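Q: Sequence:
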Amino acid sequence: MSGHGDPIPMTSRKGGALRGVAEVPGDKSISHRALILGALSVGRTEITGLLEGQDVLDTAKAMRAFGATVTQHGPGAWWVEGVGVGGFAEPDHVIDCGNSGTGVRLIMGCMATSPITATFTGDASLRKRPMGRVTDPIALFGAQSYGRAGGRLPMTIVGAAEPVPVSYTTPMASAQVKSAVLLAGLNAPGQTVVIEKTPTRDHTERMLRGFGAEITVEDTAEGHKITLQGQPELKAQTVAVPRDPSSAAFPVCAALLVPGSDILVPGVSQNPTRNGLFLTLKEMGADIEFLNEREEGGEPVADLRVRYSELHGITVPAERAAAQIDEYPVLSVVAACATGTTIMPGVHELRVKESDRIDAMARGLEACGVRIEEDEDTLIVHGMGPGNVPGGATCATHIDHRIAMSFLVLGLASQQPISVDDGSPIATSFPVFEDLMAGLGATIERGVA
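Using the working numbering, the first residue of the sequence shown is number 1, and each one after it goes up by one.
By construction, these hints were calculated from the structure, which means they are not laboratory data.
It should be emphasised that the depicted structure is a prediction, and the values quoted were computed from it without experimental measurement.
Keep in mind that the hints are not guaranteed to be accurate.
Said to hold, decoys possible - Here are the simulated EDC-like cross-link-like pairs (lysine to aspartate or glutamate), alpha carbons at most 20 Å apart as the crow flies:
1. 225 <-> 214
2. 14 <-> 376
3. 197 <-> 377
4. 14 <-> 445
5. 282 <-> 310
6. 235 <-> 81
7. 128 <-> 434
8. 14 <-> 293
9. 14 <-> 262
10. 197 <-> 445
11. 282 <-> 293
12. 197 <-> 219
13. 197 <-> 162
14. 14 <-> 434
15. 282 <-> 262
16. 61 <-> 46
Taking the hints into account, I'd like the entire structure generated from these sequences.
A: Shown next as structure tokens:
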């Protein structure tokens with residue numbers, strides 16, 4: 001599948017129990033960061049388990065454009081010969097980040113404090129997403145940004161010739177914004193400080209420390225405070241990428257919803273800033289076991305044993321939103337099949353993802369016969385109980401991989417098949433989704449029912 005080609009309609013339908021082992025791909029967030037920090041390091045960074053979805057491949061191309069040597073040496077095995085902090089060359093062509101908000105925002109950050117100019121674009125979905133949340137803080141370092149109205153791509157960034165360190169309080173809970181500021185701070189003298197009121201996924205902090213940066217994290221009266229000492233010499237590392245909890249969410253939720261299912265999902269990241277979905281599912285009554293808990297590449301991981309469960313609605317704690325922000329689409333599918341009402345507050349960030357995910361899920365669930373309530377910051381799903389979602393609709397994905405996979409999961413448990421208008425964006429994060437789900441026994445086909 002290609003996230004940039006012709007639409008690929010897909011349909012899922014009820015079938016037998018899901019059984020087997022689901023080997024989900026490497027974590028997308030960590031894969032982006034491994035390539036970027038490898039490019040900013042001295043020496044050869046060797047990466048295993050890299051996600052080879054289109055989003056990450058676009059970041060690899062971008063790192064080559066800035067002067068790093070990035071080569072593949074087998075499935076998931078990549079080498080990055082870095083240019084060091086401050087060593088980025090000026091690209092000679094436009095940087096196309098495809099569908100990846102993470103990729104474009106992190107790359108804007110890491111080039112913003114070098115005296116070079118770069119122009120960024122992306123697919124139709126990415127060109128709608130707001131970039132001001134990154135261009136505002138990098139302007140404090142001295143970078144200049146020129147884009148379309150509303151801070152949209154295409155956008156040209158002129159890096160600061162003489163960057164200054166900054167202290168920045170993030171106005172929203174966003175790991176992308178935090179990470180962009182920290183990456184910009186690498187090539188600024190002195191200390192760069194980021195303060196966030198709600199802690200977000202901490203892969204950047206963990207990986208910066210692993211590559212040799214001097215970085216401290218503390219909870220203060222102002223909030224969660226991260227302090228980075230600028231202009232370090234980052235040293236190349238060996239990075240083992242754990243499996244992506246956001247990808248694992250789809251086979252996990254499918255197994256919970258399809259009667260008789262029993263699957264194993266090995267090696268899934270259990271980073272406490274990413275495991276919110278699994279906590280929420282357990283509270284809804286999910287039969288999930290966390291086996292062989294261990295640490296790999298500086299990240300906690302576990303094997304997940306998941307069995308079919310009859311679930312009940314809950315009110316999801318708003319403070320958990322940052323730890324499961326990408327999983328709300330499939331959580332809303334689970335909520336539709338649960339007994340009772342599930343209330344999901346504090347989810348306004350879903351409005352500015354690859355699509356307006358609150359609206360996309362609400363409209364699709366309604367088309368499938370589920371009653372929904374929503375406001376700017378909350379999604380409420382009135383569950384219909386196991387096996388009672390009518391289905392029978394074709395749902396719009398809005399060029400959003402997580403919307404597409406969520407409705408395909410729902411189709412496995414609904415009374416009638418569910419189609420999506422375009423499954424091609426799935427390749428951006430989970431290129432083996434079709435084969436993996438088929439291997440478990442799921443019926444997912446190309447075409448509209």
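Q: Which hint numbers doesn't this structure obey?
A: Hints 2, 7, 8, 10, 13 not satisfied by this model.
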